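> Spelled out from the first residue to the last, the chains are:
2 protein chains.
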Amino acid sequence: MRIYFTFEPRPDLCESLLAEFPQVHFVFERRLSHEELTQADVLVTYGEDVTEEALQYAPNLKWIFVASAGIEKLPAQAIMERSIIVSNVRGIHKTPMAESVLAHILALKRAIPWIYEQQQKSEWSKKAKQSELYGSTALILGPGAIGSEIGRLLQAFGVKTIGCNRSGQTAPYMDSMTNFTQLTDVLPQADIVIAVLPKTAETTHLLTEVHFRAMKNSAIFMNFGRGNLVEEHVLLHAMKAQEIGYAVLDVFEQEPLTADNPLWSLPNVIISPHISSHSSRYVERSLAIFKPNLAKWLRGEGDLENLLDLSRGY
Amino acid sequence: MRIYFTFEPRPDLCESLLAEFPQVHFVFERRLSHEELTQADVLVTYGEDVTEEALQYAPNLKWIFVASAGIEKLPAQAIMERSIIVSNVRGIHKTPMAESVLAHILALKRAIPWIYEQQQKSEWSKKAKQSELYGSTALILGPGAIGSEIGRLLQAFGVKTIGCNRSGQTAPYMDSMTNFTQLTDVLPQADIVIAVLPKTAETTHLLTEVHFRAMKNSAIFMNFGRGNLVEEHVLLHAMKAQEIGYAVLDVFEQEPLTADNPLWSLPNVIISPHISSHSSRYVERSLAIFKPNLAKWLRGEGDLENLLDLSRGY
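One line per chain: the protein sequences are A and L, in this order. Just so you know, the working numbering puts 214 at position 213 of the first sequence, and the rest follows in order with no gaps. Just so you know, the working numbering puts 298 at position 297 of the second sequence, and the rest follows in order with no gaps.
Think of the hints as simulated: they come from the structure by calculation, not from any bench. Do not take every clue at face value.
When chains are identical, the list treats them as one kind, so a pair holds in a single copy or across two.
The calculated lysine-lysine pairs, modelled on DSSO-like cross-linking and capped at a C-alpha distance of 30 Å, are [unchecked claim]:
id, residue 1, residue 2
1, 122, 161
2, 200, 122
3, 63, 130
4, 217, 128
5, 241, 292
6, 241, 127
7, 122, 241
8, 74, 241
9, 127, 297
10, 128, 74
11, 127, 200
12, 63, 161
This one's a predicted model, so the numbers in the text were calculated from it and none came from an experiment.
Starting from the given sequences, assemble the full structure and let the hints guide the process.
Here it is as structure tokens:
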């Protein structure tokens, strides 16, 4: 039984794996090599290195554990044909991502960018334009594990939360729910619109000009899901025309954003280079999900946590 | 019955006062004038304009309503001798202040200053040093209305809260309590030390070199109470010697901070020019506290809200 990691956890985390699973042969590399694949029964990866070609070198592969949430780069068809099971670390991002979302919202409400600028000029001034998060309304596109955690924190700040998903079915920490087709009707109520949707056919270009025009002039739009949600030219137009107050973007149609992209210099746009989910505790948490599932799998039990249905894309 | 405001609320707020209290003669000015004082029964003020001299021009004055929290500039002795009652808007600051405190903490934990800097350079990099607020321990010096609100929000983020006051008596949203004399023993546990203490003889220079040395090297120290808490040279030394991770300061021994103050340019110090309590909803909320108390007072009832004991200083 060989388990092949295409990244290298901290030494103490590796040691604990070796100690807890003496019957397993672990291989830790910092990349995916075809030689190692030929012997691997389980692949532990961040998901970006698994190609259709790579799978051909892995005749024994039965389980891919993806230590991230995004699985859109996996060769879904080839994996399904081989009946390889795939599980991920769904929910692992919820704490750092929700903290990043709240950090950006509170920063804008409490004039943190202005405070930093004044300090650079050594200038004491009280003319900050500050408002409050309390009493706002937030629309959360995609109230899954991450969106609901954002909703929980927003509610603690006295924010009314409206969840929006495909079905309109209830989700935790949402005061009310709506669905994709009714989005335009609900957008005028929202002070903050937070998208944490996965990349699927349905979410691609889900937001259009119409939606930005329907938002409040003062609205903060945040995309912390995937860049496919809105075409860049639509976003650029909305921000240049000041149709809304701010856009805070963690994801983009094309990543990395090139240095000449006009988004960088718009005064009402905040660029976060797809780092909102990062955390110094990330690998530790991934392994805390992986280990009990590995134990189950070694016992021959099939009901692993976070098993993915690649035909649906999430 | 004349009520003299030394500031001017928004027209709609003035109108609602006139409509609700037709029996009262309201005067709204943007400053304190001796002429108007001679006739005033009630003075509504932000508190900084009331001097001992001014009181001599106000023979009828029975009640001073201070639309702020800080009352240290009031001529306490003269007010007590005249038996003028004083009430304030205690608690009005809790929402904007708690939001500012959380904004600064989350900004540092989620690398918001770094994100803004990268954007200025149009530079896509994922090398942010981000950590999480979740699982931290916060020590709150002065868990009153504001401190408890900060505690409530921190607990929602999974932070353990330790309150610290003179007596060590329990306070809301504190997981445990300590008192001023045991501070040095508790400081090593805290990832964040948040001071929201009023200015009194006891809080003056309460924090000394010993306390900064007792804090974690990574600790964030926040003073959002009053500048008397710690001598500036003590703070400067602690920050230059990097005894702690960050200081976020909203208050100072001398305000405004002069342009040549070395605090401005220390990389581990964030300067907020005493604006953390500011909010566009401030006057509205002050009047929401004032009105029911005015109604009580007109009925001759004495148990006004937030009556102050000037002999204790808060």
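> Of the hints stated earlier, which fail here?
Hint check: 1, 3, 5, 8, 9 and 12 fail, others pass.
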